[in-house]
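A.B. asks: Following the hints, put chain B in place on chain A, whose structure we already have.
2 protein chains.
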Amino acid sequence: MKIYDISMTIHETMTVYKNKPEKKPKITNRSNFQTAQAYESTITMDMHTGTHIDAPLHMIEGGETMSLYSIERFVVKAKVLDLTHIEEAINQKDLEAFDIQENDFILFKTRNSSVEVFDFNFVYLEKSGAKFLVDRKIQGVGIDALGIERNQPNHETHKLLLGNQIMIVEGLRLKDVPEGEYTLIVLPLKILETEAAPARAILIQQDIM
Amino acid sequence: MKIYDISMTIHETMTVYKNKPEKKPKITNRSNFQTAQAYESTITMDMHTGTHIDAPLHMIEGGETMSLYSIERFVVKAKVLDLTHIEEAINQKDLEAFDIQENDFILFKTRNSSVEVFDFNFVYLEKSGAKFLVDRKIQGVGIDALGIERNQPNHETHKLLLGNQIMIVEGLRLKDVPEGEYTLIVLPLKILETEAAPARAILIQQDIM
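Sequences listed follow chains A and B, in order.
If you want my numbering, it's the 1-based position in the first sequence plus 110.
If you want my numbering, it's the 1-based position in the second sequence plus 110.
A hint or two may mislead.
Chain B is nowhere near these chain A residues, computed Cβ spacing over 10 Å in every case [claimed, not checked]:
(1) T145
(2) F230
(3) G290
Footprint (simulated), chain A over chain B, 3 or more residues, beta carbon under 8 Å [claimed, not checked]:
(4) 119–125
(5) 129–140
(6) 143–149
(7) 157–165
(8) 175–189
(9) 297–309
Keep in mind that the hints were calculated from the coordinates and are not lab data.
Just so you know, even glycine gets a beta-carbon here, dropped at the ideal spot from N, CA and C.
Looking at chain A on its own, in the form it has when it is part of the complex (with noise of 0.2 Å):
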């Protein structure tokens, strides 16, 4: 069983949205060998840090938390687009060229995926696509950038999904992972009041259910 870890090294010098520094993780060593009988760290992060889902809440005031999501969307049949040949942002127009159908769950491969610092021009989700994803009444899209949108002053990709309880999920690494099908599991912690938890995902290359 072939298994894709898809998910960011969690590390404090890892790339952040923007660069900004309060978005970078710390991890604090709080017990060791010299002062007891045991390692202990603890780490601080931002939920937006590495590979992470958002939730309405995230952009739509008195929007749902994490807790919106039942455990079955974390483990779905999910389809990886091969976008890379896109340089600015996925459009309606780009994605009509795929199957797209009711409760996919679609994962955006693109040149972000080659990218280890933080690119300002980052391709992003544009409006359009978003719409024509709340159309086909998708379950979830993924996308191997720290956001899924930029330079819309009015959020409206972020909206447009959350809006319809469409799951996003920022982050991830894909340049390995060839377009095709797979069982995509992506294990949020269990922040259930939040807008937005970190989480670990991982594409199985079969079917499981």
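C.D. replies: Coordinates of chain B only, in the frame set by chain A:
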């Protein structure tokens, strides 16, 4: 496909080991709709808070970190053993009653799963039980307590298991899970250079491998 979520919910007043205040997570709202266009939170948490995986460095000076575990070790067949009749500790004799084979991943369902507060007398794995599991060459073990041992000044249980690269999962919740065989998916955050990492764990009631 039936999925059991066997993880602890992470929140500020959750049960933590020995009720130590430094082990309680802190969740801070850093941005909201009063001042910005997005709601964003930060969490500070001990690596051993809630459901988590221990690596050798936790108890062995110079031991391996979480990077020891390849991704394949997080998606495994697992056996849930019903040990709810045990009052104090799981020992070799208790385990000899079960079919435990090389490479198994064993999960202990004990009376701990029915206790919501921190129980200073939680059921633990005593060193003869740990030695038995090492001799059987299992690959991993999980328990429904925030520690796999207590009252062992030399921490033999942790050291026997971790010294033999047997993965330890602590903080499981198994009350609703019948004894039997499952697929265990336990995905820790991808924090590689630490002695442990918080995780989300699920059981799937079918063999996916």
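A.B. asks: Each hint: holds or not?
C.D. replies: For each hint, the structure was consulted:
Chain B leaves A/T145 outside its interface by the beta-carbon criterion, the shortest separation being 12 Å against a cut-off of 10 Å. For A/F230, the non-interface assignment is confirmed: its Cβ lies about 18 Å from the closest Cβ of chain B, beyond the 10 Å cut-off. At roughly 18 Å from the closest C-beta of chain B, the C-beta of A/G290 stays outside 10 Å, upholding its exclusion from the interface. Residues of the stretch 119–125 of chain B lying with their CB closer than 8 Å to a CB of chain A number 3, which satisfies the three-residue condition for coverage.
Only residues whose C-beta sits within less than 8 Å of a C-beta in chain A count toward coverage, and the stretch 129–140 of chain B has 3 of them, enough to reach three; the restraint holds. A stretch counts as covered by a chain when three or more of its residues have a beta carbon under 8 Å from one of that chain; for the stretch 143–149 of chain B and chain A the count is 4, and the coverage holds. Closer than 8 Å: that is the beta-carbon criterion, and the stretch 157–165 of chain B has 4 residues meeting it against chain A, so the requirement of 3 holds. Residues of the stretch 175–189 of chain B lying with their CB closer than 8 Å to a CB of chain A number 4, which satisfies the three-residue condition for coverage.
Check on the stretch 297–309 of chain B: 12 of its residues sit with their Cβ under 8 Å from a Cβ of chain A, so the three-residue criterion for coverage holds.
In the structure shown, no violation is registered for any of the earlier numbered hints.
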